[in-house]
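Undergrad: Residues per chain, in single letters:
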Amino acid sequence: MNTVVLAAQDPTLADFGKDPWWLVLGKIVFAFAFGLLATLLGVWFERRVVGRMAVRPGPNQVGPFGLLQTLADGLKMAFKEDILPRAADKVVFFFAPTISVISAVTALSVIPFGPSVSIFGHWTPLQVTDVPVAVLVILACSSMGVYGIVLGGWASGSTYPLLGGLRSSAQMISYEVAMGLSIVAVFMTAGTMSTSGIVAAQGDATRLSIGGFELPTPGWYAILLLPSFIIFFIAMVGETNRAPFDLPEAESELVAGFMTEYSSLKFALFMLSEYVAMVSMSAVTTTLFLGGWRAPWPITLWSGANDGWWPMLWFFGKVILLVFVFVWLRGTLPRLRYDQFMRFGWKVLLPINLVWILVLAGLRSIEDWQTRDRLLVTAVGAGVLLLATLFWPSRKKEPKPSPQEQADSRPYGSFPLPPMDLQVPPSPRTKRVVAEREPANVVAGSESREV
Amino acid sequence: MTTQTVLAAAGEVSGGEEVTFWILAPLALIGALGMVWARNAVHSALWLVLTMLCLGVFYVLQAGPFIGMVQIIVYTGAIMMLFLFVLMLVGRDASDSLIETLRGQRVAAVVLGLGFAGLVGTGLSRALNGVQAVGLDQANAEGNVQGIARLLFTKYVFAFELTSALLITAAVGAMVLAHVERRKEDRMDQVATMKARFRPGNYPGPKPGPGVFATSSSVATPARLPDGRLTDRGIPEIMPVRELTSEETALKGTEK
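Each protein sequence line maps, in turn, to chains A and B. For the first sequence, my numbering puts the final residue at 451, and the numbers step up evenly by one. For the second sequence, my numbering puts the final residue at 256, and the numbers step up evenly by one.
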């Protein structure tokens, strides 16, 4: 990163903490309303998209395109009976969903929705607040969100919720490690932990000079730090308990997991926190890896793309795109088994992440060398890696016996098997009838065959 | 540089800091007392979480945003969560018993605890009374995180690395203690399990439940095969196959 030219509107840390009280209140209300509205529309969006993927219409009765379906569901939930199990721990049972919602919504407070704009004469960034450790605030919120689920599971006083709660605590702690490590790469590249600083560092002002030409190179960390981005996204799906990692509420094993005993508004709060967490995590990914509110490439040709209120549009576009990916994953992938899931987190994501951070640190430490030396070292490293993968001794696999051989080698008295080609032999009676019948007067295709 | 630094600058206590302190300090104390007094182990852990959260905010107030957030993420988010994990595995009714096994230990503990708190409190107050804090601005000159990083990776790098080596040793030791070695041949994958299930001599279907004409719903009641014989395949091995006598199956007059 040779030069980073910051636009005049890029807010820095010094721009925060200067708003009048009504502006602060307005921003907080906006972030909160964004979370709630995103839930209302997000549930509808998810049901419509999954419906579309399953070739069915999805909710389409309440309001235009079924838009008000979630609102109707929410009202219905408010009027349902609030059941408190006798074995429940009453205080904790009551507080668990609130903890979930609060920690999910709080994460939205450090998300930059846009650059600095003028609101009633006040020049202010479109972000509730920013601190030097903003990304850690987000991590802290997500780690506090675990408490809601775990305590909800424990306080219900029955077995399935407890199992769901235990699963989720193990799951979220393991995936938080992978998530934190992929953020480390972002910190190393951006040199800051404040969200507005990370967005500013991803501006497309990185120039690469090749033979006298100044080439703008992409600044999004999704491209620069691709392995981190992929691991972060996977870990994020695990962290928000979404399919295919929704083991805490696996309905085929645990009824509904930690929220089995919840009903009425408390259940609604859990649903709310799940969707707010999904949206806020998408917003975090957008901020850390997808350039935040910055416009994507073809739009940046227009010089006003990153000015004024427009960036909010790009930001919401990216968030909706990521939410779509969440829904897409749910519509596509089956749920993982618990042990496979844990093995994936600890034995795949974590080592890859560590090695990648090591490589990145190596690349960063030779950054101020001369271009020739730098290229030489990188080429030697890449060459060694290539040769190692090329000549790595691979274990020779024994030839697998064919299914027929396996079937023949089974001991006497085994279960009878259907024929291997699954062709049912024609019964002798049918054969005779076919032979005696007059040939039909239709031209049959080559593949049609009478049996 | 930032609002946090300004809050704790030069030993002066600003209004916001004072308000936050007086709201959170009682909460932290309540959390600490609640942790000691709570009967239920999980409640105890939750009170401790409250205290730790308040401490995290105090760190942020004292111009240490990084250590404050780390306190919340690591201690509250991970370590207390592991405590909770263990407590929940032990069981939710594992509350303390109130029988005193050592006579007079409670009184002694209270007296000693109060004495220790008094000693530490007076020592600290005498040492720190009238002391002007200096050097905060210099320490945070290039940012709190950068300052900590510089110290950790230059001056204290050996202490840092040794601590991490210690932690890794502990983790590896715990893993070795808890690890059950299984030979490669003993490990059955899904295909092998399936083949073993369908080997002749093993009945692959579900075991028969208590028979249709059973006289009781007890798990000790054997199933009846189609030819009328009793089979012991559906009951646990430690239970003998038997049929209940008529007086055992007679109504006891309790089913009204």
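Source of the hints: derived by calculation from the structure; they are not laboratory data. Some hints here could point you the wrong way.
[Stated by the list, open to error] Simulated coverage check for chain B against chain A, where a stretch passes if three residues somewhere in it have a Cβ under 8 Å from a Cβ of chain A:
hint	region
1	20–29
2	138–146
3	192–205
All C-beta atoms in this analysis are idealised placements derived from N, C-alpha and C, irrespective of residue type, glycine included.
Undergrad: Now look at each hint and say whether the structure bears it out.
TA: Hints versus structure:
For the region 20–29 of chain B, the stated coverage by chain A is not satisfied: 0 residues place a CB nearer than 8 Å to a CB of that chain, which falls below the threshold of 3. Check on the region 138–146 of chain B: 3 of its residues sit with their Cβ under 8 Å from a Cβ of chain A, so the three-residue criterion for coverage holds. Closer than 8 Å: that is the beta-carbon criterion, and the region 192–205 of chain B has 5 residues meeting it against chain A, so the requirement of 3 holds.
Consistency with the previously given hints fails for number 1 only.
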